[in-house]
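Protein chains in written order, with the numbering used here: chain A, 1 to 454; chain B, 455 to 908; chain C, 909 to 1362; chain D, 1363 to 1816.
Among the hints, a few may not be true.
[Stated by the list, open to error] From the structure, some residues in chain B lie toward chain A, with a derived Cβ separation under 8 angstroms:
{"no.": "1", "residue": "Pro457"}
{"no.": "2", "residue": "Ile461"}
{"no.": "3", "residue": "Ser462"}
{"no.": "4", "residue": "Pro463"}
{"no.": "5", "residue": "Asp465"}
{"no.": "6", "residue": "Ser478"}
{"no.": "7", "residue": "Glu479"}
{"no.": "8", "residue": "Gly480"}
{"no.": "9", "residue": "Ser750"}
{"no.": "10", "residue": "Lys753"}
{"no.": "11", "residue": "Pro757"}
{"no.": "12", "residue": "Arg758"}
{"no.": "13", "residue": "Leu764"}
{"no.": "14", "residue": "Ser775"}
{"no.": "15", "residue": "Ala788"}
Source of the hints: derived by calculation from the structure; they are not laboratory data.
Ideal Cβ placement from N, Cα and C applies to all residues, glycine included.
Residue-level listing of the chains:
There are 4 protein chains.
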Amino acid sequence: MNPFDNISPLDTRYYQKAVTKYLSEGSRIRYQLKVEAALARALARKKICSFKIAEEIARACEAVTPEEVYKEEKKINHDIRAVVNCIRNRIDHSSKPFVHLGATSYDIISTAEALRFKDFANSLLIPSLKEFLRTLIDLALREKNTIQIGRTHGRHAVPITFGFAMAEYVSRLGRRTQMIEEKANAIRGKFSGAVGAYNSMSLFFEDPEKFEVEILRELGLKPSTHSTQIVEPEFIVDLMHAVVSTFGVIANLADDLRHLQRSEINEVAEEFRGAQVGSSTMPHKRNPWHFENVKSFYKEFMPRMFTVYLDQISEHQRDLSNSASSRFNVEMLAGFLFAVDRLNRYVKSLIVDKRAMKRNLDSSKDMIIAEPLYLLLAAHGHNNAHEAVRRATLYAQKQGKPLKEVVLATPDFQQFFDKFTKEQMAIINDPEKYIGISARKTENVCEYWEKFFN
Amino acid sequence: MNPFDNISPLDTRYYQKAVTKYLSEGSRIRYQLKVEAALARALARKKICSFKIAEEIARACEAVTPEEVYKEEKKINHDIRAVVNCIRNRIDHSSKPFVHLGATSYDIISTAEALRFKDFANSLLIPSLKEFLRTLIDLALREKNTIQIGRTHGRHAVPITFGFAMAEYVSRLGRRTQMIEEKANAIRGKFSGAVGAYNSMSLFFEDPEKFEVEILRELGLKPSTHSTQIVEPEFIVDLMHAVVSTFGVIANLADDLRHLQRSEINEVAEEFRGAQVGSSTMPHKRNPWHFENVKSFYKEFMPRMFTVYLDQISEHQRDLSNSASSRFNVEMLAGFLFAVDRLNRYVKSLIVDKRAMKRNLDSSKDMIIAEPLYLLLAAHGHNNAHEAVRRATLYAQKQGKPLKEVVLATPDFQQFFDKFTKEQMAIINDPEKYIGISARKTENVCEYWEKFFN
Amino acid sequence: MNPFDNISPLDTRYYQKAVTKYLSEGSRIRYQLKVEAALARALARKKICSFKIAEEIARACEAVTPEEVYKEEKKINHDIRAVVNCIRNRIDHSSKPFVHLGATSYDIISTAEALRFKDFANSLLIPSLKEFLRTLIDLALREKNTIQIGRTHGRHAVPITFGFAMAEYVSRLGRRTQMIEEKANAIRGKFSGAVGAYNSMSLFFEDPEKFEVEILRELGLKPSTHSTQIVEPEFIVDLMHAVVSTFGVIANLADDLRHLQRSEINEVAEEFRGAQVGSSTMPHKRNPWHFENVKSFYKEFMPRMFTVYLDQISEHQRDLSNSASSRFNVEMLAGFLFAVDRLNRYVKSLIVDKRAMKRNLDSSKDMIIAEPLYLLLAAHGHNNAHEAVRRATLYAQKQGKPLKEVVLATPDFQQFFDKFTKEQMAIINDPEKYIGISARKTENVCEYWEKFFN
Amino acid sequence: MNPFDNISPLDTRYYQKAVTKYLSEGSRIRYQLKVEAALARALARKKICSFKIAEEIARACEAVTPEEVYKEEKKINHDIRAVVNCIRNRIDHSSKPFVHLGATSYDIISTAEALRFKDFANSLLIPSLKEFLRTLIDLALREKNTIQIGRTHGRHAVPITFGFAMAEYVSRLGRRTQMIEEKANAIRGKFSGAVGAYNSMSLFFEDPEKFEVEILRELGLKPSTHSTQIVEPEFIVDLMHAVVSTFGVIANLADDLRHLQRSEINEVAEEFRGAQVGSSTMPHKRNPWHFENVKSFYKEFMPRMFTVYLDQISEHQRDLSNSASSRFNVEMLAGFLFAVDRLNRYVKSLIVDKRAMKRNLDSSKDMIIAEPLYLLLAAHGHNNAHEAVRRATLYAQKQGKPLKEVVLATPDFQQFFDKFTKEQMAIINDPEKYIGISARKTENVCEYWEKFFN
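All chains, full assembly: derive it from the sequences and hints.
In C-alpha cells, the structure reads:
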C-alpha cells in the first residue's frame, strides 16, 4: 500500500512509527489476541481445559496476524468471531471449543482497549509529558530572574520574570500529567458476558466475578465496577478529559509563545535550521510555525471530546452506535502525543531574547509605578488614592511628562511619601524591582513537580 | 508500508479506494501540481514566459511524485517550496525562474484545496447522494400505501404509511443534496499573493485581478471575493455545514430504521448475508449493525464541524493555526461518503414486514379514534370535546372496554354523530382510513425531487 | 421587571428559586462582597488597618446591594471598582483606603466564583444527587428479582433483572457524584495580584503567600497552586467535566426509560397526574415527557463544555476573552440541577409493569437458549458448537419450530447433553433461570454506594 | 421579580429591552396566540365557523396574557392546551369548539417559532448587521490609503493599507448578512397535524395542503416541504449556521482589533469614556475590553450550534428530546445581536493611530524588499532568485547592514537590475509603494456591498 494513498494526515504527514504498537488497527487485533490468551490460561487454572490446551491457544494467539483476521472477517462479517476462527484454525480439533469460551465479543474488545490505552499511556504518553515537564522546569529555572513585562488584555501590566511565566505551565502541566497518569491506570476491563450479568460465566462458576478478577489480573487490569455488554464508559471518558484538558494547557503555552514572536514583541524565537525556508516568497521570514502547528492540532482534536461524551450514552445493555466512533479515539491520542513531542522539541531549543524583554519593559516603565504608588498611598492613609493616581497619569500623558516626575512633584502626595519605607520608595524609583516573588515562586513550583515525578 | 500500521480507521477498516484520488495526501500534492501548471500556462499567455517553457513546466508537474516532494521537504522544511524545487529539478535552467512565479504558497494550496473538494463532490459525493435519493424514492413509492402507526414520543399516535415516513427523508435529503451541490460548486480559489493585496502580481500586471481570473478559469474556479493570504473561509465553512447537516439527516434515518428493528417492533430488518454471524455468543441474533454504524459515524464526524468553525478565525492577514487542522477536513468528507454509501446499500436491501406494521397498528387501533372523534365533535359544535373524549378514554381503560364501544354508547355524543358525514363516520369505524393524505404527499415529494435532479 | 420579558428559559419556564442564592447575578455580587470583607479582616489581623475599620468594612459589605453596584458601574464602567466604591460610600473617610487594598479585581472575582460554586455544590447539587442515588438504590433493590429481557442493539439478548439494569445507574451515578464532590471541594481562590506574582502584596508582606492562605482560609478555600491574574483554569474545568459527564449518565438513564415506554414495549410508565392532558389532539396519549425533557436538557448543556475548554486558554498573564463566557457557567449548573431533580421525581414515581416485562421476555424465550446451549456444548467438548447452534436456529426458524424442540431432537447433541449438570440442563429447559448473578450484583452495587455516602 | 435573581447573564448584565418583543418567553406565547387567531380566521373563510366567531377568537388571542397561560398550564400540565383554554375562557360557549380546531400543538409552536425568528431577523438583527456593515465600509474607505504592514503568522510580511484590512470584513460580513437574510426569510411553518400527514385536516378539507397555505399566507410564511409533527429542522439549522458563521467573522475582527491594541503594536485604540476606570489597581491602563467581550460572546455561543445539530434528529414522527433544548435558541440569537451591536459601537469610535502604523512598518521596511526583489530577479531570468535573496538577507542580518544596501552592492544582481522597469525599481527603493492594489480593491469591495444592500 502506498502511504500517500492514505486519507488521514496521521497516517502520512504526522505519522509516528512508535505509536503503531498501541494505536494502529494491527495493535487493536494483537491486543485482542492477548486477551484471548489470558482467558485460555484462566480457564486452565479453573480446570475447564488443560494447561496444554491453554498454551496451544496462547501460542496461536501470538501467531495470528491482522491480515488473516481481516480475511476471515470478510467471509463471516463479524470481527471477533473472525479472531476466534483464526485462533481455532491454528489448533487441534479437541482444543477448539476452549477458544473464547464463555466470553462475549466485548469482553475481549473492551478489555483489549483498556489494556492498550494503558500501555500507550505508560510507555509513550506519560514519558513524553514528563520529558516536556523537564524541559519546562529547566527553562523556568534558567529564566527565573529574567525580567519581563506582565501582560493582561495584551497590554503591559506590571513586571514578572519570564521564568515565572513558564512556571505557570510547569504547574498546570504537572497537575494534568498527574491526572493522565491516574486516569490511564484506572481504566478497567470486563468479563461479564453479553449483558453484564455474568450469564454465561455463571454456567461454569459459582462466583464468576472472581473468575473475571483472575483473567484481568493476568493482564494487569481490574474489572469495571458494574458493566453491561461494555465497561462503564466513564473510565475512558475521564482519561479523554484528562488528555483534552492537557491539550488546552499546551495550546495556551503555544499561543503565548507564538504571540511573543510577533514582530513588534520579538521576545522569543523558534529555532531555525540550516537550509530551512522561511516563506515561499519572503525568503527572510521566520515564522512561529511549530507553535502555530500545536495550536492547530488542539483545534483539530479538542472537539473530538464531544464524540467521547456522546459515546457515553448507549441504550439498555448496549447499542452499537458507539462502536465505529470509539475506534477513532486512537486518533486523538496519537494527535496529542504528536503535539506534546513537537512542542517539547521547540520549547527545548527556544531562543529567549532578554534584551528584547528589557526593551519592551522599558517602554512602559514609567507607567508601571501607578499601581504600587496607588497602593502605598492608600495603605498610608490617602483616602482617594486610586482616583488621585488616575488623574496624575492623565495629566502626565497630556503634558508628555514622566509619571514619576509628575507624582514626585504633586504637593498632596508628599505627606504620604514621608511614611514610605526605604524598600517601598525604592520600587517607586525603580519599577524593575516591582516583580513580587516571581523568582521564589518559580523555584517552589519547579521544585514541587520535580520531586513529585521522582 | 503495512496498512495495519495505520492509525486512522479511515485508512484501514473504513478504507475506500475511490476517494484517494481526491482526499489522500498524494492527491493534495497532485492537485497543487495542477495549479502550478495552470499558473505557468497563464504566465505564457501573458508573455511573461514562452509557451514552450510553460509546457515544460506542465509536463514536470505531471511527473513529480508525492514521494519526491516529501523527500525534498525533509531537507528544506517548507512544503510548497519543496513542490517548487521538485518541478525545477525536472526542467531546464532557463525555465526555472518561471515556476511558481508571483505566487505565494497559499495561492497554490487554497486553490488546489478548492479544486479537489469540488472534484470530489461532483465525481463521488453528489452521485452517491443522488443514488441514495433514488433508493429512497423507490422505497417511498413502493410503500406509499403500506399502513404504519405514526409515532410521537415513541408512542403510537395516528396512522401514516411507511412510504410517507420515507418521504420525509426524500424531502430532507433532496434539499441537502441541492445545498451540497450549490456549495461545492461555489468554492473559490485565489491568486492574490502573501497578504491578499496582489502585491507581487502588481509588479507584472496592471490589473492583477484579471490575471487571477484567467488562471482560475483554466481550473474551472472563480476567485474569492476578497482574500488575505487565504480565500475567505466561509466558502469551505458553508460546504462543511451542508455536509454535516446532511449527516444529521442520514443519522436520523438510521436511528428510525434501527428502532423499527427493536425486537418488540420488528417492522423492518437489515439484510443478513449467507455466512454472516449474528453475535459471538448468540448465534441467532440479527442486529441492525449497519444502521448503528451510520449513527456512530455521525457521532464521530459531526463534532468536527467545530474545528471548521474555529478555523474561520485567522489573525490579521493569516496565522497558521488553521493549517494542520484544515488538513483533516478530508477525513470528514471521506467519513461522510462512507456513511452515505453504507446506508444506501442497506436501505436498498431493507426488508419491510407489512404484517408486523399491521400488527403494531392493530394494537392501538381502538385508541386512534380519540383524535378524529374529538375533532369531529368539536367541529359539529360540542363545546368541550377534548375533555369529553379524554374522560371517555379513561373510562374505557378502566372498564377494559373498547373506546369505540364506549363512545358509541355515550348518550351525549349522539346528537353530534347525526351530523357526521358518511366519510367522517367511516373513519370512526375504521381508523386505518385515518391516514390523511399520506400516499398523495409521498407521490408529490418523490416526483418533485425526481424531476429536480433530472 | 416582568419575568415573561426574560430571554433565558432558565429565568422563566425552568426557573428554580433555590439556586438564586448561588447562581444569580445578585449572588455573584454578594459573594464578591463576602470576599472583600474577608480581605479587610485579614488586613486587620496583619495590622495594616484596625479591627474596627475591618468590621466597618465588613458591615458595609453586608449592606451593599446589587442594584447599587450596577448603578455605580454604569457611571465608571468597571465592575469591581463599582463594588469597591459602593463599600467606600458607606464608611468613614479614614477607613476608605483599606477597602480592596492590595487586591486586583480577579483576586475578588475568581475567589468569589470558587466560593459560590463550592457552596452551590455542597448545599444543593450534591444533596440532590445523593437523593437521586437513594431513589435509584431503592428502585434497584425493589426490582432486583424482576426478570427482564436484556437488550443489545435494541434486540433481545439474554435475561437480566430490572433491578440489575438500574444498578448500572447506581454505580455510574455513584462514581460521578463522588467526582463532583471531590472536584467541587477542590476549587481554589487566589490573592496574588494583577499578574499572579504577588507584586502588590509584596509591598506589605514578606511572605504574601501566607497572607493569601490566611484570607482564603477564612472563606474555606485554598490558594491556586500557581496563578496569573486568575486561578489555574483546570480546577473549574474539572468540576465542569464532572458535571457534564454526570449529565451523560442521567441522559442515558432517561433514554433507557423513555424507550421502555414505547407503545410496543410498555415496560414502565411515567406517573400521570390528575387533570394532566396527554396531547392537544389525542386526549388519551401518555408520553414520556419528563424523560424526554431530561435528554433535551442534556443536549442543551453538554455542548457548553466546549466553552469551558475554550476558556482554558488565556494569553500571557490573562486576556479577557473568557470573561463574559465564564459568566454563563451558572446556566450549566442550574440546568444540570434542574434535570437531576426532575429525573429523580419521575424515577421515584416510576410505574414498573412486571407483566409487560414477562410478556416481552416470553416472546424471545425460545431463542434465549442459543447462548447457553452453544457454551455448554463447547465446554463439554463439541468442537464447532457456535456454528452448529447457528444452523439449528436457522433450521428452527425455517421450520417454524421452537429451537428447544429442534435442539433436543438433534442426534449430534445427545452425547453432550449427557454431560450437562442438572443446573445446566435446567437453564436449557427454563431460560428465565439464565440471569447470571443479576440479583446478587444489584445488591452489592447498592450496598457499596449506600455505605459510601453514609 | 428582582432581576438580580435571574440566572442568565442575558437577563441581567447583557439584557436588551428591544429583543423581548421577539425572544422572551412572553413573546413565545404572544406569537402562539397570533397563530391561533390566524387559524380561526382561516376556518371562517372555509365556512367551518362564522367570521364573527373568528373575530371573537382573534380578540381573545390579543387579550390573553402569558401569566394567565402559565397559571392554566400549572393546572393541566400541557402548554398549548393551556393557551387554548385561556382563549376558550374568554369567549362564548358556542365559539369554544373552533379554537385550535384541527391543529396539533406543534402546528402552533413550530409556526409561531418560525414567525418570531423571522420577525426578529427582519426587525432587529438584519438592520443591526447592515448598520455595522455601514460602519465598516466607512472605516475601510476612510483608511483605504493608510499604509500598514501586512502580517502573517503575526510577523511582518508585505504592506497593505488599513482600509484593505477592513475591506476583508466588509466582504465577509456582507456575504454572511446576505445569507442570514436569505435563511431567515426561508423558514417555514406547518399545519399538517400530529404526524404530518394532515390526518385531522383531512376530516374537513379535500385538499388540506391548500388550507395550510392559506393560514400561513396570512402570517407571511410558507409551509414546510414535508413535515412530521414538526417542520423539517433544516430551515432553522441553516439560519443558525448563518448566525454562528457570522459570529466567527465578527470574532475574527474582534481578535484582529484587540491584537492591534497590544502595547507594542498600539495601532488602534478603543474609545475610552470620561470617568471610565482602566483597571482596579492600574488606574492608567486602557484595555481592549469590548473587543475581548465580543470574542468571549463568540466562545459562549458558537458551541451551541452543537445543540442545534443534535436537535436535527427526532425519532419517527417526532420525539420530544429537542423540545427544551430548542427553547434555548433564543439565547443564541440574543447573544449574537448583543455582540454585533457592541462591536459596531466600538468600531465606529475606533481610534486609528496612523503614526503607529507607520512606525511599525518602518521597523521592517528594509526587509520588505526581499519579496519584490526575488520576484523581479526571477522574472528577469535569474534562475535561483529565491535562494540568492535568502542568502543576501542572512548576510545583511549578520553584517548588520540594510538589505537594500547589500543587494544593490551584489555584483551578480546588476545585470538583472538593468532590466527592471522604472516602476519596478521604484518599489525596491521605496517598499511603501509595494501595496499592490490595496486601495482599489477596498473601493471595489465597499462599492459592491453598498449597492447590494441599497
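Exercise. Against chain A, is alanine 788 of chain B within 8 angstroms by beta-carbon distance?
Worked result: 5 angstroms, holds
For this session: With chain A as the partner, please determine if glutamate 479 of chain B meets the hint condition of a C-beta pair closer than 8 angstroms.
Result: This hint holds: glutamate 479 of chain B lies near chain A, its Cβ roughly 4 angstroms from the closest one there, short of 8 angstroms.
Problem set entry | Minimum beta-carbon distance criterion (8 angstroms), arginine 758 of chain B to chain A | With a minimum Cβ separation of about 6 angstroms from chain A (threshold 8 angstroms), the hint on arginine 758 of chain B holds.
For this session: Would you check whether serine 750 of chain B satisfies its interface hint, that is, whether its CB is within less than 8 angstroms of any CB in chain A?
Result: Holds - the Cβ of serine 750 of chain B comes within 8 angstroms of chain A, reaching about 4 angstroms at its closest.
For this session: Please verify that hint: isoleucine 461 of chain B, Cβ, nearest Cβ of chain A, below 8 angstroms or not.
Result: 5 angstroms, holds
For this session: Could you check if aspartate 465 of chain B really has its C-beta closer than 8 angstroms to a C-beta on chain A?
Result: Since the shortest Cβ distance to chain A is 5 angstroms, the answer is holds.
For this session: Please verify that hint: leucine 764 of chain B, Cβ, nearest Cβ of chain A, below 8 angstroms or not.
Result: Holds - the Cβ of leucine 764 of chain B comes within 8 angstroms of chain A, reaching about 5 angstroms at its closest.
Exercise. Holds or violated: is the Cβ of serine 478 of chain B closer than 8 angstroms to a Cβ in chain A?
Worked result: 5 angstroms, holds
Exercise. Measuring from the C-beta of glycine 480 of chain B to each C-beta in chain A, is the shortest one below 8 angstroms?
Worked result: 3 angstroms, holds
Problem set entry | Cut-off 8 angstroms, beta-carbon criterion: hint that serine 462 of chain B touches chain A | 3 angstroms, holds
Problem set entry | Satisfaction of the proline 457 of chain B interface hint, Cβ to chain A closer than 8 angstroms | 5 angstroms, holds
Exercise. When the nearest CB of chain A is found for proline 757 of chain B, is that gap smaller than 8 angstroms?
Worked result: Status holds, d = 4 angstroms.
Violated hints for the displayed structure: none, as all numbered hints are satisfied.
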